[in-house]
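Heads up: the sequence lines are chains A and B, in that order.
Take the first sequence: its letter number 315 is residue 301 in the numbering used here, and every next letter is one higher.
Going from the second sequence to the numbering used here is simple: count from 1 and add 42.
Please note: incorrect hints may appear among the correct ones.
Said to hold, decoys possible - Mimicking BS3-like on lysine-lysine, the simulated pairs with C-alpha atoms at most 30 angstroms apart in a straight line are: (1) A/Lys180 / B/Lys49; (2) A/Lys180 / B/Lys138; (3) B/Lys57 / A/Lys184; (4) B/Lys53 / A/Lys187; (5) B/Lys57 / B/Lys138; (6) B/Lys140 / B/Lys53; (7) B/Lys130 / A/Lys289; (8) B/Lys138 / A/Lys187; (9) A/Lys289 / B/Lys57; (10) B/Lys140 / A/Lys289; (11) A/Lys184 / B/Lys134; (12) B/Lys130 / A/Lys184; (13) B/Lys49 / B/Lys130; (14) B/Lys130 / B/Lys140; (15) B/Lys134 / A/Lys187; (16) A/Lys289 / B/Lys134.
What the hints assert, rightly or not - Cβ-Cβ distance ranges computed for the label pairs, FRET-style: (17) B/Lys57 / A/Ile269: 36 to 46 angstroms; (18) A/Val258 / B/Phe77: 47 to 57 angstroms; (19) B/Met73 / A/Asp189: 40 to 50 angstroms.
It should be emphasised that the hints constitute simulated quantities derived from the structure, not laboratory data.
As the structure is a prediction and not an experimental result, all values here were calculated from the model.
Note that beta-carbon positions come from the ideal geometry of N, C-alpha and C, so glycine has one too.
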Amino acid sequence: MKKYILFFIFMFLFIPKIKAFDISDMGSYSIVNTSGANYDFKRTCVYTEDDINNSYKSCHNNINSKTFNQDYKYILVTSYVTMQYYHEDREWIVPSSSAGSYYQYVPFNDTFNFQVGMYLTADGLNYQCTSSDDGRHFICPNKEKITDIVLQVYGHPLGTNTIDYDFFYTLSLQTTSSIYLFNTVAEGTTEAIKETNKTLKDDDMSGGNQSADNFKNNSAFNDTTGIESIINLPLNFINSLSSSCQPIQLTLPWLDYPFEIPCLGDLFVSKVPTIANILKVVINGFIVYRILLGIVDLIHSAKNPDDDRIEVLDL
Amino acid sequence: MINAIVKGIFKLVTKFINILLIPINLLITNMLPGFSNMLTYVSNFFNSIFNYVGFIMNSLLIDNEVISFLILYWTFRLTFPYAVSLVKMIVKWYDKLKL
Chain A
-13 MKKYILFFIF MFLFIPKIKA FDISDMGSYS IVNTSGANYD FKRTCVYTED
37 DINNSYKSCH NNINSKTFNQ DYKYILVTSY VTMQYYHEDR EWIVPSSSAG
87 SYYQYVPFND TFNFQVGMYL TADGLNYQCT SSDDGRHFIC PNKEKITDIV
137 LQVYGHPLGT NTIDYDFFYT LSLQTTSSIY LFNTVAEGTT EAIKETNKTL
187 KDDDMSGGNQ SADNFKNNSA FNDTTGIESI INLPLNFINS LSSSCQPIQL
237 TLPWLDYPFE IPCLGDLFVS KVPTIANILK VVINGFIVYR ILLGIVDLIH
287 SAKNPDDDRI EVLDL
Chain B
43 MINAIVKGIF KLVTKFINIL LIPINLLITN MLPGFSNMLT YVSNFFNSIF
93 NYVGFIMNSL LIDNEVISFL ILYWTFRLTF PYAVSLVKMI VKWYDKLKL
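Given these sequences and hints, build the entire structure.
Laid out in structure tokens, this is it:
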């Protein structure tokens, strides 16, 4: 029973953490597509006294963006809207309104105020995008693709008792809103994923050569006492096995006469090639034969399911 | 991917050996400073001998291809039992866990 419990605990160690998507997770996201989605407009609406009591007469501007037809889910981002209010020689600048929210401005008294706001819809009014907590972004629900987006900026008076004010005022809406289209997986992340996929498919092993060389020539270790170089001696021996023959340069003692011992194998082959080649066949054939016997023996021992010996440890 | 794995294995082995040798290195450095010179002489001696291995192999008429095959064989012989043992261990676990 204990084994079962340990096994299941072990399995749960590999379950990744589930994390909901949050716009703050996008980090240093970059723009995917802004073409035709930058807006800089100013709309002026003139209201008369009769309009005051009609709170639904909005001064608004619908901005139809380009039609997008990409199979991505988007986050739509926009900036703030500024509304200016003029009345005779007086002017108020209404503070910026956050995306998707109302801003109630009360210039005179409790009975009269303005409302300014900004809405973003996509693919029809039924697809309402909401504002993020910080008021800087519109977040549209996940959808396979967004084909059309509409930014509506509006402002209108809300009045219940304006009889005391002879209004003839101008309401001016101004925005420099920009709508940026973001993939839900930000472009930077996409690039990182592409890079990761490229790495996964990369079958190049040349980088291991340098690591192996560093390992063999002892430069990978912080060898301060020489122990590492002794540990590496077998590797150095294997490395030297495949090295080519170098003639031995010697100097005769006392006579101080340099001489060279050539590679005996090459000398033998050059002088008596027939005998040398026969000997090479016999010697190399014998070694290869022994190696093949060893491989067969190794595989034969591995076929025994009851044999738990690790032969390396027996060496 | 394979590149990173191979390099990672080398780094892992290197770090592992370094960690294992830290106390021995500290002991030699602090208590037996002359001992490191002796170890260096030993390794230099063997490395000097290894310089003539190519000459010896050539003199014995052993081809480089055969030597490469020999190295591959020993690589296989030293790694294959581990792989087999691992498979056997997994099969045993499966046999014990299966209902």
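Structure-based check of all given hints:
1. A/Lys180 / B/Lys49: 22 angstroms, holds
2. A/Lys180 / B/Lys138: With a Cα-Cα distance of about 42 angstroms, the restraint between A/Lys180 and B/Lys138 is violated, given a limit of 30 angstroms.
3. B/Lys57 / A/Lys184: Holds, at about 28 angstroms.
4. B/Lys53 / A/Lys187: 22 angstroms, holds
5. B/Lys57 / B/Lys138: 35 angstroms, violated
6. B/Lys140 / B/Lys53: 37 angstroms, violated
7. B/Lys130 / A/Lys289: Roughly 10 angstroms separates the two Cα atoms, so the pair holds.
8. B/Lys138 / A/Lys187: It is violated: about 37 angstroms lies between the C-alpha atoms, which goes past 30 angstroms.
9. A/Lys289 / B/Lys57: 35 angstroms, violated
10. B/Lys140 / A/Lys289: Holds, because 23 angstroms separates the two Cα atoms, which is no more than 30 angstroms.
11. A/Lys184 / B/Lys134: Judged against 30 angstroms, a Cα distance of about 37 angstroms means the pair is violated.
12. B/Lys130 / A/Lys184: 34 angstroms, violated
13. B/Lys49 / B/Lys130: 28 angstroms, holds
14. B/Lys130 / B/Lys140: 15 angstroms, holds
15. B/Lys134 / A/Lys187: Violated - the C-alpha atoms of A/Lys187 and B/Lys134 are around 33 angstroms apart, more than 30 angstroms.
16. A/Lys289 / B/Lys134: Measuring from Cα to Cα gives roughly 15 angstroms; hence the hint holds.
17. B/Lys57 / A/Ile269: 36 to 46 angstroms: Because 42 angstroms falls inside the window, the suggested range holds.
18. A/Val258 / B/Phe77: 47 to 57 angstroms: 50 angstroms, holds
19. B/Met73 / A/Asp189: 40 to 50 angstroms: With Cβ atoms ~49 angstroms apart, the hint holds.
Violated hints, in rising order: 2, 5, 6, 8, 9, 11, 12, 15; the structure is consistent with all others.
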